[in-house]
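> For reference, the chains in residue letters:
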Amino acid sequence: MIEARCLSKRFGNVVAVDGLSFDVLPGTVTGFLGPNGSGKSTTMRMIMGLDSPASGSVTVLGQPYHELPWPMREVGALLEARSIHPGRSARTHLLTLARSNAIARSRVDEVLDLVGLTSVAGKRVGKFSLGMGQRLGIAAAMLGDPGVLLFDEPVNGLDPEGIRWVRTLCKSLAGEGRTVFVSSHLMAEMALTADHLVVIGKGKLIAETSVADFVAGSSRQSVKVRTPAQHELSDAVINAGGTVMPDPDGSMNVTGLSASEVGDLAALIGVAVHELTPVASLEDAFMELTDDAVEFRGGS
Amino acid sequence: MTAVLGAATPFAIELPPGRVGLRRAMAAEWTKLWSVRSTTLTLVATAMAVVGLCALGTGTVSPSDIIDDPTRRSLIGVFLGQLIFGVLGVLVISAEYGTGTIRATLSAVPRRPVVLTAKVLVFGAVAVVVSEALTFSAFALGQAILSAKHAVGTKAAVAQRAQQLGVKIPHNIAALLSNGSASLGQPGVLRAVVGAGLYLAVLGLLALGLGTIIRHTAGAISAFVGVVLVLPLIVEALPTSLSNAMARYLPANIGLVMFSTRGVPDRVASAFSPWTGFALLVGYTVVTLGIGCWVLVRRDA
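Here the protein sequences line up with chains A and B, keeping their order.
Mapping the first sequence onto this note's numbering, position 98 (from 1) lands on 98, and the numbers just tick up by one.
Mapping the second sequence onto this note's numbering, position 94 (from 1) lands on 94, and the numbers just tick up by one.
Derived from the structure by calculation, the hints contain no laboratory data.
Quantities reported herein were computed from a predicted structural model and do not represent experimental measurements.
The beta-carbon is built from N, C-alpha and C at its ideal position, and this holds for glycine as well.
Heads up, a few of these hints could be off.
Just so you have them, the derived chain B footprint on chain A, three or more residues with Cβ under 8 Å [stated by the list, open to error]:
| no. | region |
| --- | --- |
| 1 | 64–71 |
| 2 | 185–195 |
| 3 | 252–265 |
A short list of chain A residues far from chain B (calculated; beta carbon distances all over 12 Å) [claimed, not checked]:
| no. | residue |
| --- | --- |
| 4 | Lys-9 |
| 5 | Ala-77 |
| 6 | His-85 |
| 7 | Arg-91 |
| 8 | Arg-167 |
| 9 | Ile-238 |
| 10 | Gly-242 |
| 11 | Val-244 |
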């Protein structure tokens with residue numbers, strides 16, 4: 001398991017991770033969700049002891065990463081696809097790692113087979129596609145058959161078949177009782193893969209919840225409303241305790257009230273309603289949750 | 001909220017006794033060193049520089065040339081070889097940063113001083129073996145060429161002139177004069193050949209230290225070239241009193257003494273003796289590697 005306590009990291013004046021505390025438990029897939037630049041990778045690197053926190057601490061299996069006696073047999077990580085010398089073959093890359101942790105040579109071929117790279121094992125990694133690189137990174141993580149696995153954006157560059165493969169892999173690893181921590185900026189992907197969620201934005205913890213609760217909590221909240229009397233209806237909604245977000249397409253998004261409550265309200269004040277749609281989009285829920293916490297966004 | 005715990009039994013792993021240590025790290029470094037092309041390429045290029053320049057320097061001797069120190073003449077390629085060998089020393093660590101491999105390396109062996117020590121020991125051992133093989137080969141080749149060409153040493157040249165003038169050469173001066181070609185049994189020759197190899201190996205480790213501090217291949221190579229080639233030019237440009245005082249501390253000048261059978265250079269006043277100079281060179285390298293280790297531990301990877 002992984003325990004982060006008040007973890008913070010600063011790069012110059014930029015606070016990348018800000019007082020983050022969370023637990024990642026064995027036997028489940030924990031999704032690490034946040035927009036790009038929210039501090040997911042930095043947190044992963046601090047777990048692996050590559051970056052040192054400005055304050056706070058993080059432990060794996062009860063100790064700081066650098067104190068683990070056989071790191072690769074205890075924790076496996078896919079951090080960035082390209083942490084591999086392009087001049088080495090896939091097999092040699094894995095062999096160097098295996099040697100350092102006294103892992104049998106036969107295990108190298110085993111994991112190459114597991115990720116489907118056996119046929120290109122002798123090829124120089126520089127010639128690999130992004131997806132093959134990801135697969136090799138996953139093979140490296142699995143090399144020591146560890147009980148804790150960290151995957152940073154594992155589906156990047158994978159085709160749909162590969163994405164499904166990663167999803168199944170994560171679930172089966174967790175099913176064996178392992179701790180699986182998977183980051184993504186895609187809510188929909190996390191909803192399919194994870195059981196539990198750690199949601200961050202701008203380096204801060206936004207939510208730590210089960211996926212089921214997250215879905216249930218968010219799907220009843222948003223209602224898309226189109227009405228010629230926007231002003232009157234939004235006043236009424238706000239009076240009734242809801243919140244209104246105007247949408248660029250001319251409609252408005254109501255949260256805090258159900259679709260039927262908004263309909264009743266419209267009838268009560270006598271305004272016409274052209275559209276009334278409950279929105280159950282996880283993406284929206286996620287966007288809303290992290291709206292204030294997006295570091296980089298395109299101009300609108 | 002109820003915690004979702006999928007597995008009834010937690011995942012159990014069996015760990016071997018002990019922990020990841022220097023021996024494992026060295027095994028990994030050995031595999032890493034020999035699994036990239038740049039190692040073989042730089043070693044072949046170093047060999048071509050050391051042995052090739054020796055062939056050039058001895059093969060182009062004309063009958064009118066008087067060979068002052070045939071041993072040193074066969075070792076001149078080491079000065080070019082050190083630049084290429086330094087590139088390999090730098091790459092041993094900078095390539096890890098350039099390709100991101102350092103993250104995999106430090107995930108596998110998170111105790112960073114262990115990683116650097118493994119690199120120093122593995123590369124250092126290879127460096128010593130390769131360098132000695134190269135200097136001995138260059139010496140053998142160079143002397144074979146010189147003796148085949150019946151090269152004239154200072155001893156013969158001076159003896160001839162003394163005979164013309166009808167004077168006798170004092171013993172202490174005669175001892176300083178060399179034959180046209182040298183053999184390992186002559187005074188100072190073995191020390192010069194072994195010393196040249198050690199010089200080359202230690203400069204490779206100095207480059208590794210610079211690579212550890214600077215991390216970028218191009219930057220570290222520039223720094224290395226700066227120390228070996230540019231620093232002497234700067235020192236030479238200084239006022240004479242200052243430049244005389246500083247010259248003997250320069251790696252290149254220490255090298256000159258080490259390659260010479262007499263153990264004294266002709267250019268640098270008050271130079272260190274070969275082994276004192278070598279100890280100083282080792283000192284520079286240990287300090288550089290020490291700073292490198294400190295930086296490696298302190299900075300984010």
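> State for each hint whether it applies.
Hint check results:
Three residues within the 8 Å Cβ limit are the bar, and the region 64–71 of chain A against chain B gives 6, so the coverage statement holds. A stretch counts as covered by a chain when three or more of its residues have a beta carbon under 8 Å from one of that chain; for the region 185–195 of chain A and chain B the count is 1, and the coverage is violated. Coverage of the region 252–265 of chain A by chain B is violated. Counting CB-CB distances below 8 Å, 0 residues qualify, and the rule asks for three or more. The non-interface label for Lys-9/A is inconsistent with chain B: the shortest C-beta to C-beta separation is roughly 9 Å, within 12 Å.
Taking the minimum C-beta to C-beta distance to chain B, about 6 Å, the non-interface status of Ala-77/A is violated against the 12 Å cut. For His-85/A, the requirement that its beta carbon stay farther than 12 Å from each beta carbon of chain B is not met, with the minimum near 5 Å. Not every CB of chain B lies more than 12 Å from the CB of Arg-91/A, the least distance being 9 Å, so the non-interface label is violated. The claim that Arg-167/A is not at the interface with chain B holds, since no C-beta of that chain comes within 12 Å of its own (minimum 15 Å).
Non-interface status of Ile-238/A relative to chain B is upheld: no Cβ of that chain comes within 12 Å, the nearest being about 30 Å off. Every CB of chain B is more than 12 Å from the CB of Gly-242/A (nearest about 25 Å), matching its label as outside the interface. Even its closest Cβ contact with chain B, about 29 Å, leaves Val-244/A beyond 12 Å, as expected for a residue assigned away from the interface.
Going through the hint list in order, the structure does not satisfy hints 2, 3, 4, 5, 6 and 7.
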